[in-house]
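Asker: So the chains spell out like this:
There are 6 protein chains.
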Amino acid sequence: MNMAEKQLLSFQVDEQFDLFLLLKGADVKTAKNGKQFIRMTFEDPSGELSGNFWDATDQDIATFEPGKVVLVRGKKELYQGNSQLKIMNLRLANTSEPNDPSQYVAHGPMTRAEMEESVSNIIFEITEPTWNRVVRTLLQRHADDFYNFPAAKKNHHAFAGGLAYHTISIVRLAKTVADLHPNIDRSLLYSGALLHDLGKTIELSGPISTTYTLAGNLIGHIVLIDEEIVNVCQELHFDPESEEMLLLRHMILAHHGLLEYGSPVRPHLLEAEVLHDLDELDASIQMMSTAVEHTEPGDFSERIFGLDGRNFYRPTASKTNQSEDD
Amino acid sequence: MNMAEKQLLSFQVDEQFDLFLLLKGADVKTAKNGKQFIRMTFEDPSGELSGNFWDATDQDIATFEPGKVVLVRGKKELYQGNSQLKIMNLRLANTSEPNDPSQYVAHGPMTRAEMEESVSNIIFEITEPTWNRVVRTLLQRHADDFYNFPAAKKNHHAFAGGLAYHTISIVRLAKTVADLHPNIDRSLLYSGALLHDLGKTIELSGPISTTYTLAGNLIGHIVLIDEEIVNVCQELHFDPESEEMLLLRHMILAHHGLLEYGSPVRPHLLEAEVLHDLDELDASIQMMSTAVEHTEPGDFSERIFGLDGRNFYRPTASKTNQSEDD
Amino acid sequence: MNMAEKQLLSFQVDEQFDLFLLLKGADVKTAKNGKQFIRMTFEDPSGELSGNFWDATDQDIATFEPGKVVLVRGKKELYQGNSQLKIMNLRLANTSEPNDPSQYVAHGPMTRAEMEESVSNIIFEITEPTWNRVVRTLLQRHADDFYNFPAAKKNHHAFAGGLAYHTISIVRLAKTVADLHPNIDRSLLYSGALLHDLGKTIELSGPISTTYTLAGNLIGHIVLIDEEIVNVCQELHFDPESEEMLLLRHMILAHHGLLEYGSPVRPHLLEAEVLHDLDELDASIQMMSTAVEHTEPGDFSERIFGLDGRNFYRPTASKTNQSEDD
Amino acid sequence: MNMAEKQLLSFQVDEQFDLFLLLKGADVKTAKNGKQFIRMTFEDPSGELSGNFWDATDQDIATFEPGKVVLVRGKKELYQGNSQLKIMNLRLANTSEPNDPSQYVAHGPMTRAEMEESVSNIIFEITEPTWNRVVRTLLQRHADDFYNFPAAKKNHHAFAGGLAYHTISIVRLAKTVADLHPNIDRSLLYSGALLHDLGKTIELSGPISTTYTLAGNLIGHIVLIDEEIVNVCQELHFDPESEEMLLLRHMILAHHGLLEYGSPVRPHLLEAEVLHDLDELDASIQMMSTAVEHTEPGDFSERIFGLDGRNFYRPTASKTNQSEDD
Amino acid sequence: MNMAEKQLLSFQVDEQFDLFLLLKGADVKTAKNGKQFIRMTFEDPSGELSGNFWDATDQDIATFEPGKVVLVRGKKELYQGNSQLKIMNLRLANTSEPNDPSQYVAHGPMTRAEMEESVSNIIFEITEPTWNRVVRTLLQRHADDFYNFPAAKKNHHAFAGGLAYHTISIVRLAKTVADLHPNIDRSLLYSGALLHDLGKTIELSGPISTTYTLAGNLIGHIVLIDEEIVNVCQELHFDPESEEMLLLRHMILAHHGLLEYGSPVRPHLLEAEVLHDLDELDASIQMMSTAVEHTEPGDFSERIFGLDGRNFYRPTASKTNQSEDD
Amino acid sequence: MNMAEKQLLSFQVDEQFDLFLLLKGADVKTAKNGKQFIRMTFEDPSGELSGNFWDATDQDIATFEPGKVVLVRGKKELYQGNSQLKIMNLRLANTSEPNDPSQYVAHGPMTRAEMEESVSNIIFEITEPTWNRVVRTLLQRHADDFYNFPAAKKNHHAFAGGLAYHTISIVRLAKTVADLHPNIDRSLLYSGALLHDLGKTIELSGPISTTYTLAGNLIGHIVLIDEEIVNVCQELHFDPESEEMLLLRHMILAHHGLLEYGSPVRPHLLEAEVLHDLDELDASIQMMSTAVEHTEPGDFSERIFGLDGRNFYRPTASKTNQSEDD
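Protein chains in written order, with numbering that gives the first Met the number 0: chain A, 0 to 325; chain B, 0 to 325; chain C, 0 to 325; chain D, 0 to 325; chain E, 0 to 325; chain F, 0 to 325.
Be aware that a few hints might be false.
Since the list gives no way to pick out one identical chain from another, each pair is judged satisfied if it fits inside one copy or across any two copies.
[What the hints assert, rightly or not] Computed list of lysine to any residue pairs in SDA-like fashion (alpha-carbon distance at most 25 Å, straight line):
1) K174 / T136
2) K174 / Q35
3) K85 / V27
4) K34 / Y78
5) K34 / D54
6) K34 / T294
7) K28 / L77
8) K174 / E113
9) K34 / D13
10) K74 / D59
11) K34 / Q15
12) K28 / P296
13) K174 / M109
14) K152 / G46
15) K152 / R302
16) K174 / P314
17) K174 / V291
18) K28 / R313
19) K174 / D54
20) K174 / A316
21) K28 / F237
22) K34 / R302
23) K28 / F304
24) K85 / T294
25) K174 / H236
No lab work stands behind these hints: they were computed from the structure.
The shape of chain A in the complex, shown without the other chains (with noise of 0.2 Å):
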């Protein structure tokens, strides 16, 4: 068995292989029998996948924390149609093996320098100056951050930058919006686009084993962002009552669209909305292809909290592979 040849996701059901991978999640639960197991989650470039340590001890809670690398062996199993693994021996890796953690997570399809070059090229249609300003100071004081953090704790872009992939992808929609229709105006939705979720650097703890912070609970990363861009007018002498630092604070607020969904005030700016729209298209699709991805032809996926716990259907072709080949 050539370990280095394979990797996590590229494993067919009942396939067995020892595979060094990234501990990403390590939940210790009690089962209803009373003994404790862990649910684990293991990540390598080609993606994550879970599965349960049984009958765990203190030792192995102690001794199973995210973020270390292991050796497991195992193998890939369906369970309702889902993909999981099944745990078969596991151990921590050595210091003679492969045991850096940043070789094993998961990244979106772009590298860090192409998305700074593609976030730059996006400030860079900002026309409007202040707009501009503020933008480009808190994305340098959160880069770092920015574009190391996922998008969200587990429901979507769920990787290491998946943060910065998740807005870029709203602006390419973003300009074909535009395109469409120029009475939008493309500053005020880039800014927007842009700034939407920058909060979550300081609403997550990482991009490791994820949680939220205080601050997170408490305030939540629409208003915390939006405390920060009053800051930098202050900072910057903008005044924050000014009709521009409104509009953009307010596609910010909005950008959850429903105040069930934690805006505290709704879109009343037709870029709000359509910030919020794309906001929401872009999520669906990447939790949309996630599951399918996990899912056989000619099965429903598992069910998916995000979209209301509706599963989606992978149909037995792929239609769109015949057509490219085409």
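The hints should help you fit chains B, C, D, E and F onto chain A, whose structure is shown.
Answerer: Below, chains B, C, D, E and F without anything else, positioned relative to chain A:
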């Protein structure tokens, strides 16, 4: 006063005019004082404007029927920040005057020829052969209506050709989405987009004084076009229970997204969810754009029924234009 | 122990038995300790009872498939006031033993012959000729399934022939309603009642181990039968846009009453509202009756999912019987 | 014009008449021009029709009080597909003219004597002795009101005797249901049906110009009759905490089905759920029938508040009559 | 008629008067007959009363602007059990007449000096030093507005100084609650109470003819004051991410209780839930008291929008007074 | 180990103890591995703590019945931030050991004598004579239960005497409210407060192992006490339809505030709305306080069902204590 020089929406508030206009709608209402008035909507290629014709006699009601060209003396006035037409004098155009209704209908930004070419190009990209034939057959059968009907009775794309224009706009957005997400089946998404609202040609009475037909009221456009797909299958000897046909029908049936909005089934295909999202996005933008256009800078628009009664702010300085100029 | 004497639901709590039973359902589940168990449902003509088969091996799972006749040693026990089957021993019936599944299926109170005669009489009362032919054609085409399918996967009338029996019960109620209200169109109400759930023969897989078909999941039984009506119109050269056919299709499409329950249009005909109400009434009574039957006098039944999770009280003394005896 | 020959609802649209009618309702409203008008409802045994009396003086308001017989010159006119009365002239009937209000009240299809006999027969079938005595006592105590009150202020069965007629209709349906489902306790279902709305005799002011009493507003008819049941128990020395009395009170308390509709507890008895369903069914049919009767064939009725604002279609050809003739 | 002797709310129904009053509100509306009228609200220290000025000319609209003192001849009349002002004559007060608007504004039961002392005492009880300084700084900065603004545009405490009075009332209730529950952090609860609605000084335009500012419409008072807290932290060199500041900001952000009511986060602190409950309680009582005061004994008040459209009964005998007398 | 020295809630995490405790609750559950366990709740005057007794035999289930005194060897452990009891050994107390259950029941902060005096003082302030007599009669009739029952099965004030303590707390808040708002009828508010939950003495089975009675399930505590008021009227020869009695009954019937929460009518009296608000406020505080007490500083409590599943943060430093000390 040179009538030919300016069109309906080009006049300033309180600037009086004499214009030949199409009487697009004429709803007779009874005021609480027992007298009748007519809520009239006037149209020319620049757009439409509504106003009340007070103290209407039975003779007036019989004379001023929708679809007639009329000569209006009036002016634009503001009512709670929104513009309406104050009718000062009104009579039918006589036979020696311009009186061809088709010259006064507002159209979308594309001509029929342009739209036909655009649709033809889209169909070319549907590489799955059975979907291609079903789409081609149904669009051919309803071609005249498809290129002349509005997309809705009044909420959005309520202009001649709005149905086809709305359809094409969705496909344009769909292309960008598919470029960003190669796992999307373009053939399926485009087929669904082209057919999704075609049932409106049966649900609605036509482009002028649009009402619902009995079939529209009792069946609804979603099921009406779904039934036609099944009938076309019978004609073309395609199995309606094949996976391909189930997928296509699901695209149409699910495109309202929620059961509460009249879809008998929620989207359970990635492409169906995307179609629903793009449909809403395009309709929302069109509704907001129309409302904001009728609003003075620095004011809020009237409340939009189709967007939960929200009103939208028109910023004082058009940022878009600035950035366009740069 | 004489096996022939008593049937499944006739035993007292804690009274041990050996019985040949049909294994109606067998859902494999994983307990939180990682071991598998099978949630089994057993059936004989007296009704059905469920119980868990613990610590199931892969061999057990392969052996105990739904549709097989098994020999069960067990007893009825109470779990939170409701009865379940404690499995003490279990094996497949061998070839020398009774093993014909059809002998163990629970049926409704009418035989197929009785139901066929009843349906035939109802059709006779449909005096509108086009409805009569559409109904006759469709019932003939799906006759075997119509008289063998359950009315639902599990909620109500989940016995063989339940679909036809549920349909006939609705018509009986409909007659009383029409007697009380002569303005009701009997032909329309009976036609709608006969066809309203016929789409379930396409939506569901069959009477044993019932699941949803792909057509059921992506289209749903309401639209599936509506499409067939339109196809039959094509065959019989009836105009599907005639008022008669629109009325009939509306009866079917609206019978779930609310958009949230999957009807693409709400009832806008007196007869459609009545059909919806009677459908709900009959399903509710069947669900409540089954739940109360499985409950001891003086206890509350288990909660019924299809009735908002309510439980129902079984009075200590059966008043009905007293009054019947008098 | 021979007044005696035709009644209110027999006239064609635009056919002028002079009729003595009961002024059933007279709501004074202020038009937006500051002038008052009276929304009048006229009634004779054929039914009722409403119309506006414009520009009413204080004198008019004092004169035209509900309960008076008036001489009306007017005609039936259509307003948005529904009929209303255009008032051309109006004065009080004088002492030498027919002016007995009781001659002009619309009644249901049964006389009081018929209803009394029917109720008497139902009570005979209540074989549980304590329920029988409670029902008998309460119906006797409220007999005059029970046979004269409407079933609701305006939504349904809003005619004299409507309360008793609605009650009897429910019992007729209940009999069919009990015939189909022998596990239903007839005594309980009939007892609940007979008492369920009896509290309306306390909640409402009476059959003419019906308003809510203070007890109706602050307590509501459901609790008002429940309290009387408990009081009757005290008088008859029945234990109100006996299971029999708890069951009976539950029937009444739960009959609105949902907490949102004012029942303090949801149905937790099979018979209570059935009573609720039949109550809704009978009320719905009565509302729809009245609305459709006031609608021209081929039109939709006005929207019915009590049925979620839905309107109902009246088919062009009355199928019922055809089939009746056959 | 001696003007000085009686104030607006002291007159009986139908008792005519000539009074100088402040024109507090003047909304121009168009009646359905096309004519304009002005919905006017008049005020003096005894309270306010509304009435319609019919058939208003453009001249009238220009003249009667909110904020002017006017001389009114009129009388109080009842409209559906509630009192309104019938305007018989109206003109502006001239320069030789009393025309100082500030003399006609209704105030709450406390003077500004009393309120300032009360607030000062509350601040003294905030023993946590950083909260004390933030509260002190912000109240000082907005002092004039805090003691002059109403608490809401119209629903409750809509009098000058209502904002401060509402705030003080909440703290009084808070003291009793904290006395009963010693685990409550008084410093936190009082700090939150003092700041919770301070953002209304930015959200609203001022005490007369109150409208929403652009900041109010696009950001909302909850976030507006939260942003100021963060800015004050910057000035005072407090860490805005310290637990103390997160707790304080959470108190403000969560005080509407539900996301649907505009809080971006629900209360997750005992003190935040209590603040929300007391805020609602005090606002409800103020709304109900005002409505009941305008109602005759034995009648129901008009429906209160802010309390789900409920109306409230005013008992015939004021029990309170009796018991007070005893 | 000296048992007498410390009580249940005084032990630190992981500090082992042997204690006599009351077994307050014992719910038998089946683990997914088919074995039974008992979810036990232990109580002494310091409060209560729950823990699981794994692998329970039928003998264990028969032995460990709620209401028994047991000797427990165990320790407090943390489970997801909340404390629970780990059971290491368990047996019934024998006859020579302390085994009087009443010595182990947790009580509220007031003794019965204190509560009786407090209630007596409140009744003294009810100056309306008929309310005074009704309240006095009903409290006397249910006195033992009123001072011994909990206020709810488990959500709040679930300790012996909780019902009376909750009632008294509401009246204390009511006094402050009435002091601030002199238009409130104190007699009515106090009468309603004293009776509002008295029906729980009929709805619930008693203070130990509390369940719902059949009357509780089928009628509910709101209507149960309302019926008793009407019966007391009969005994005292008060007219139940007098305004006074309607007001009092309305106070009780409306006190859940919303129909969805089981009130058959919403509050339509100022005092009824205040009673509802104070009832909710007091219950919320009690629930939050209990949850926070069981939480470590710096953690979030477990989610509270009765507060929409929210969890509450316990700050790291108890601000209250600091300010109390100053």
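Asker: Against each hint, give a clear statement of whether it holds in the structure.
Answerer: Here's how the hints hold up against the structure:
In this assembly of identical chains, the alpha carbons of K174 and T136 lie at most 25 Å apart only when taken from the same copy (23 Å versus 34 Å across copies). In this assembly of identical chains, K174 and Q35 lie within 25 Å of each other by CA distance neither inside one copy nor across copies; the values are 51 Å within and 46 Å between. Taking CA atoms no more than 25 Å apart as the test, K85 paired with V27 passes in both settings, with 17 Å inside one copy and 17 Å between copies. For the homomeric pair K34 and Y78, the shortest alpha-carbon distances inside one copy (22 Å) and between copies (13 Å) are both at most 25 Å.
When the C-alpha separation of K34 and D54 is checked against a cutoff of 25 Å, the pair qualifies both within a copy, at 6 Å, and between copies, at 11 Å. In the homo-oligomer, the alpha carbons of K34 and T294 lie at most 25 Å apart only across protomers (23 Å), although the nearest pairing inside one protomer, at 31 Å, exceeds that limit. In this homomeric assembly, K28 and L77 come within 25 Å of each other (Cα to Cα) both inside a single copy, at 22 Å, and across copies, at 13 Å. In this assembly of identical chains, K174 and E113 lie within 25 Å of each other by CA distance both inside one copy and across copies; the values are 18 Å within and 22 Å between.
For the homomeric pair K34 and D13, the shortest alpha-carbon distance between copies (18 Å) is at most 25 Å, but the shortest distance inside one copy (27 Å) is not. In this homomeric assembly, K74 and D59 come within 25 Å of each other (Cα to Cα) both inside a single copy, at 21 Å, and across copies, at 22 Å. Taking identical chains as interchangeable, the C-alpha atoms of K34 and Q15 lie at most 25 Å apart only when they sit on different chains, with a minimum of 20 Å there against 27 Å within one chain. In the homo-oligomer, the alpha carbons of K28 and P296 lie at most 25 Å apart only across protomers (23 Å), although the nearest pairing inside one protomer, at 32 Å, exceeds that limit.
In this assembly of identical chains, K174 and M109 lie within 25 Å of each other by CA distance both inside one copy and across copies; the values are 19 Å within and 20 Å between. In the homo-oligomer, the alpha carbons of K152 and G46 lie at most 25 Å apart inside one protomer (16 Å), although the nearest pairing across protomers, at 37 Å, exceeds that limit. Taking the shortest alpha-carbon separations for K152 and R302, both the intra-copy value of 17 Å and the inter-copy value of 20 Å come in at or below 25 Å. Only between protomers do K174 and P314 lie at most 25 Å apart by alpha-carbon distance; the minimum there is 21 Å, versus 31 Å within a single protomer.
Taking identical chains as interchangeable, the C-alpha atoms of K174 and V291 lie at most 25 Å apart only when they sit on different chains, with a minimum of 20 Å there against 27 Å within one chain. Proximity of K28 to R313 under the C-alpha cut-off of 25 Å is restricted to the inter-copy arrangement: shortest distance 23 Å between copies versus 32 Å within a copy. In the homo-oligomer, the alpha carbons of K174 and D54 never lie at most 25 Å apart, since the shortest distance is 52 Å inside one protomer and 50 Å across protomers. In the homo-oligomer, the alpha carbons of K174 and A316 lie at most 25 Å apart only across protomers (21 Å), although the nearest pairing inside one protomer, at 32 Å, exceeds that limit.
Taking the shortest Cα distances, K28 and F237 never come within 25 Å of each other, neither inside one copy (51 Å) nor across copies (40 Å). When the C-alpha separation of K34 and R302 is checked against a cutoff of 25 Å, the pair qualifies only between copies, where the shortest distance is 23 Å, while the shortest distance within a copy is 27 Å. With identical chains, the CA atoms of K28 and F304 are at most 25 Å apart both within one copy (20 Å) and between copies (21 Å). When the C-alpha separation of K85 and T294 is checked against a cutoff of 25 Å, the pair qualifies only within one copy, where the shortest distance is 17 Å, while the shortest distance between copies is 36 Å.
For the identical chains of this complex, K174 and H236 are neighbours neither inside a copy (31 Å) nor across copies (41 Å), given an alpha-carbon limit of 25 Å.
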